[in-house]
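Student: Protein chains in written order, with the numbering used here: chain G, 102 to 387; chain E, 19 to 176.
Everything labelled a hint here was simulated from the structure, so no lab data went into it.
Glycine included, every Cβ here is placed at the ideal spot set by N, Cα and C.
Any given hint could turn out to be false.
[As the list claims (entries may be wrong)] Here are the computed distance ranges between Cβ atoms for each label pair:
id	chain 1	residue 1	chain 2	residue 2	range
1	G	Arg-349	E	Ile-104	50 to 56 Å
2	E	Asp-155	G	Trp-303	36 to 42 Å
3	E	Val-98	G	Pro-128	46 to 52 Å
[As the list claims (entries may be wrong)] Partial pick of chain G residues on the chain E-facing surface, computed with a CB cut under 8 Å:
id	residue
4	Trp-124
5	Phe-125
6	Leu-162
7	Leu-163
8	Pro-166
9	Tyr-177
10	Leu-197
11	Asp-222
12	Arg-227
13	Thr-377
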Amino acid sequence: MNAVNLALRLTLLEILLRPIGNWFLQPIFLGIAALGVALPRQIRWLPLWIALFVLAALRVLLNWPMADNHAYLLCYWCLAVSLALVSRDPPLCLALNGRLLIGWAFAFATLWKVLSPDYLDGRFFRVTLLTDQRLAGFVQLVGGLTPDVLESLREVLTQHVDGQAFTVLTTPAEPTRFLWLAHGMTWWTVILEGAIAVAFLWFVNQGISKVRDVLLITFCVTTYAVTPVEGFGWLLIAMGVAQCDPARRKTRLGYLAVFGLILFYREVPWVEWLSTRSLEVTSPPW
Amino acid sequence: MKTAGEILRQEACFMAEPPGRARWFWYLPSVLLLIVAGNQLRLVATASLSPWWGGGFGMFSTTDAWATRHLHIFALRPGVRRELDIPPALRKKVEQVLVLPSDAQLRTLAYEFADTPTPDAGPLEAIELQVWATHFDPETLTPSSTPIRFLTVRMGEP
């Protein structure tokens, strides 16, 4: 399968696997995506992609300002696909847009992390790891927090405070391992995202651009193991496939494998299993 | 019979270009992304938009999300200032205001609360809205909050 068809199919699969939109947009999104998947010969049918672009744009506008990054990126990507299909060189047009959209998205993600007053000092991950219930298993497994300590820290962080707290709060100490984890995630993320931005916006196949696929695949493998935003990951994979050099079959296979891996991350609660098992091992049997 | 796709392709003749060469319209998605992201930066700086939202890819960069912001709403009657509960039906609108507490959004929300019954006598003079953002101490993570937008909407104002 050529890169364009594969990228388009992965985009439609992403819409099917991670339904988006409100009560009336979602069925239309799903119907159009299902049509595209069910009729492989119509995968490059221009009205299908224009319809998806219009729906994605509507989703952003109707939900403004609450639409997430995924909604915006899907909108730009569907526009890019539509433009590629009316161009005389769809593979080149789609590859250019895949590269630029990934590059700009990561450039702004990095910019925000650098500008933020509470990211580089590790506070963002310290707070998020403690307060996001979906990350509890990961925090206990890797951060070394027991459920009791996690709960007491979460209680302090989520209390309602207007101005300064009236009562003196005794925040339980965060274990050293947890602090290392939070700071490690902080720097790993900002450095990797910055490198991806530069690699994708750099001159094609020169310098750091040569390793752009490896960087993006590394990002998807590590980030979506922890972060439950698989739709964004799948979209990045679709865009990654579109811009991948056609001669690099193994890299494309790598992208496909990671698409499957993200599905595994979502469907199999492997972190929770490992976390429960590690608690059983470390707890006394009485 | 031509398909809709073929007709659209023909209609797009202004975009005709030789293969293998990038054309100006190929860059439209990037231009759109840059405009939206630039607007998001502006709104964060001028209207207290949460960096998480608005299409600028600021998610996962700060604790300043709508979930760490909160809103207090007061009904002002002669001699009485009473805090109002937020009904579940208005949660979505409140979330939007927390994300982007612009004067226009706060004003619209104030009118949603104008008919909220309270035990106090007298005509409703105004609705006061306060948006607060939570900050976490760099060392201990102890939370505190600071006001980011206060607005008093006099009833009867346009």
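Student: Now look at each hint and say whether the structure bears it out.
Tutor: Evaluation of the provided hints:
For the pair G/Arg-349 and E/Ile-104, the beta carbons lie near 54 Å from each other, so the given range of 50 to 56 Å is met. Range check, E/Asp-155 to G/Trp-303: Cβ separation about 40 Å, and the 36 to 42 Å hint holds. In this structure the supplied range 46 to 52 Å holds for E/Val-98 paired with G/Pro-128, their Cβ-Cβ distance being about 48 Å. Below 8 Å, beta-carbon pairs count as interface contacts, and G/Trp-124 has none with chain E, the closest being about 13 Å; its hint is therefore violated.
Here the hint on G/Phe-125 is broken, as its CB sits about 16 Å from the closest CB of chain E, past 8 Å. Below 8 Å, beta-carbon pairs count as interface contacts, and G/Leu-162 has none with chain E, the closest being about 11 Å; its hint is therefore violated. Proximity of G/Leu-163 to chain E is violated relative to the hint, the smallest CB-CB distance being about 12 Å (cut-off 8 Å). The criterion of a C-beta within 8 Å of any C-beta in chain E is met by G/Pro-166, whose closest approach is roughly 5 Å, and the hint holds.
Because the closest C-beta pair between G/Tyr-177 and chain E is about 4 Å apart, less than 8 Å, the hint holds. Contact between G/Leu-197 and chain E, as hinted, is supported at the beta carbon level, the nearest pair being about 6 Å apart and thus within 8 Å. Hint status for G/Asp-222: holds, given a least beta-carbon distance of 6 Å to chain E, under 8 Å. Interface hint at G/Arg-227: satisfied, since its Cβ lies 6 Å from the closest Cβ of chain E, which is below the 8 Å cut-off.
Evaluation of the G/Thr-377 hint against chain E yields a violated restraint, the C-beta minimum of about 26 Å exceeding 8 Å.
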